[in-house]
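Here are the chains, one letter per residue:
2 protein chains.
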Amino acid sequence: MTKIDSVDLYYLSMPTVENVADGSQDVLLVRVRAGGWEGWGECEASPLVSIASLIAPMSHSACQPVLGSVLGQTIDSIDDVRRITALVRANSFDQLQAAHTLSGINIALCDLLGRRYEVPVHELLGVRAASPKTPYASTLFGATPDETRAEATRLAGMGFRAVKFGWMGFGESSLSADVDQLAAAREGLGPDVDLLVDAGMAWVGRPDQARARIPALHDFRVRFIEEPFVAEEFDAYGEFGTAARQVGVAVAGGEGCHNVPLALTMMTHAGLDYVQIDAGRIGGITEAKDVADAALSQGRTFLNHTFTSHLALSASLQPFAGHGAEGLCEYPVNPRPVSYDLTTTHIPVDGDGLVRIPDAPGLGVTPNRRTIATYLQQVEISVQKRILYRTPDLDVVSPADEEIAA
Amino acid sequence: MTKIDSVDLYYLSMPTVENVADGSQDVLLVRVRAGGWEGWGECEASPLVSIASLIAPMSHSACQPVLGSVLGQTIDSIDDVRRITALVRANSFDQLQAAHTLSGINIALCDLLGRRYEVPVHELLGVRAASPKTPYASTLFGATPDETRAEATRLAGMGFRAVKFGWMGFGESSLSADVDQLAAAREGLGPDVDLLVDAGMAWVGRPDQARARIPALHDFRVRFIEEPFVAEEFDAYGEFGTAARQVGVAVAGGEGCHNVPLALTMMTHAGLDYVQIDAGRIGGITEAKDVADAALSQGRTFLNHTFTSHLALSASLQPFAGHGAEGLCEYPVNPRPVSYDLTTTHIPVDGDGLVRIPDAPGLGVTPNRRTIATYLQQVEISVQKRILYRTPDLDVVSPADEEIAA
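Chains B and L supply the protein sequences, listed in that same order. The first sequence stops at residue 406 when you use UniProt numbering, and every number in between is there. The second sequence stops at residue 406 when you use UniProt numbering, and every number in between is there.
There could be a bad hint or two in this list.
[Claimed, not checked] Each pair of labels, with its calculated beta carbon distance range:
#1 L:Glu172 / B:Ala183: 56 to 62 angstroms
#2 L:Val119 / B:Ser176: 43 to 49 angstroms
#3 L:Asp76 / B:Ala243: 36 to 42 angstroms
#4 B:Asp180 / L:Val119: 45 to 51 angstroms
#5 B:Leu175 / L:Arg369: 43 to 49 angstroms
#6 L:Pro191 / B:Gly126: 40 to 46 angstroms
Since the hints were derived computationally from the structure, they do not count as laboratory data. Here a beta-carbon is modelled for each residue, glycine too, at the ideal position from N, C-alpha and C.
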């Protein structure tokens, strides 16, 4: 019986964070230690808010600090990860941020078990052999169609079989501006590379604007259109999806889901073709796995949502490691240094254009101590002058630390 | 053009917070000032987490601190409240906690406008004359059926026409234990008082356990059963509701909703008879009003969710002030001193057993400075030694402060 000894959060940030839709500008890294073992995770979260949610004093029995449901718990098997996850859900139900905080902890616990038992995380989930994935390069539209065309040409030249563009005002201005961006993307990609589009919730409450884009999406052979609305607008999703599918354009969504019931309900009631789940938001790897299994059984395509580090990438690939060979996966191509350099190694696009989930213990990637030291933000939170959180020292050496330092 | 000058959060707490399902043990109070005017709101939130969400450094364009979308904004009409609310939603979309933080700010902005124009908040929402409501006393089951019976007797004796019991293990142990609690509640209330039951999500993932209680709910004439599952389990709600309604038991839910799309989708897809919205969670009074209007137009009964202060009670009553006379409202009967004493005056149950929304400017209740001083928790949050939040001084005097002090 191994008990969880510590849960430490590290907030890393670029020196300057720009007001753009690039989520790779900061990182909330989680380190969990238990009986000499160590695991790392990452929350796709506002770092300071999730640090507060870890240690916020209890408000009532269903609004407790996340840490209280994790520290001291037994961690010997993947069932323990599921049990701890359920405990956090119950004890922190009314603490809205808890789901994002839990996500990184769940990932770190899975990593810890994988390192301990010297197996990849997906093997802990019952998948013996991971299938290779077809990565789609995930990037933002350029500021102009010319920039978009150049980026499309570059990514196609790198061998990507699929590329997704999004944000940067797409969907929010005129139809003709959107057509220009789509035309530039398709031109740069050439005829054979799949084009995917992320609408970035541009049409919240404006389903007519979404429908007006369907002919253009068809003309430029967009394989799927992602997140036309906020996750909960199921009826808008349903009506739009019915129209889009008639011309061969699929609908993707799900990244905003912060719990399994919402994802399962959205899948069926919103009618998703592609179910995109971020393990760093939904509650972690085991939670994402539940959605992946359900999607597969319903004939929907599950894939990861990842725009940040290769630690987050590995975490979000594990839940559908066993799904059919060469299925799509999201692959970040332009992360900022704080995210790209977070790990000492990366998950490459191989010569055959495919991505392979690391066949190594845990997540198969390890945080880079130098990167952590470079971008670390010292946080201190006190209530009534009592310090509830102070960024923990990285240099308290554990066996795993020494391995990392080597 | 009046600009918002300040948004201050005050975390109040009982000296000891017990590990029970009583959400009245702490308070997150919001004070907004604009051009010499002042308004107060309350978040139904984990206080420290929402304080962090107010000031957390930007992660990217859709994960910004809540404060940035509020400070300096124009506030001259209820449309400004809606505009600011939409801005927070867009700029803080990926900051999960933002919805709870926004809620208290939206409430405070409504209060500020009501005080400025010397009209009740519901008049700002277009409701000239508020209808009286039939309060249901909202309390927890006793630890034993005897305690439940005594509490039921007491509340019926106070003149309540409806009483709701919940939590304390109801639904989680045996059917016979639940039957004993229901029998005791019905016995204590007598035959003429409505009995309502809050299942407190006891049957998450166990719809069979929920269905097994339906005959007992019918036998003891439970008017509605609340929150049998988590909000997003729409299919479980739907199947349970169909069976429950066949024997005259209605289904209530919605308190967990933290945005309007989720509430609207839940109403229809989960099939709610009673839609219970907490203005302190869903995004504020204007957001709750949108749900209230939709519920009314669909023939569903909207009501408030309130278990805390009379400031929260007034805020949650405003959105359905104009709905039919003598409809139900939730009325907290056992709040802790930090919640009960939060306001200098209260919203009484009148001699005829009805509750009337204050016909006074704003929310019609004013925070008690002595209570704030008694329970105030000093919070300090720093990143890289730069203090991002320190509990603001209450004694910076504004004209409104002087009125409060008088």
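These are the hints, each one checked on the structure:
1. A hinted range of 56 to 62 angstroms holds for the C-beta pair L:Glu172 and B:Ala183, which are about 59 angstroms apart.
2. Separation of L:Val119 from B:Ser176 is about 46 angstroms and conforms to the stated range, judged on CB atoms against 43 to 49 angstroms.
3. At roughly 40 angstroms, the beta-carbon separation of L:Asp76 and B:Ala243 lies within the given 36 to 42 angstroms, and the hint holds.
4. Between B:Asp180 and L:Val119 the Cβ separation comes to about 49 angstroms, which falls inside the hinted range of 45 to 51 angstroms.
5. About 56 angstroms separates the C-beta atoms of B:Leu175 and L:Arg369, a value inconsistent with the hinted range of 43 to 49 angstroms.
6. Distance hint check: the CB atoms of L:Pro191 and B:Gly126 are about 56 angstroms apart, inconsistent with the given range 40 to 46 angstroms.
The structure shown violates the earlier hints numbered 5 and 6.
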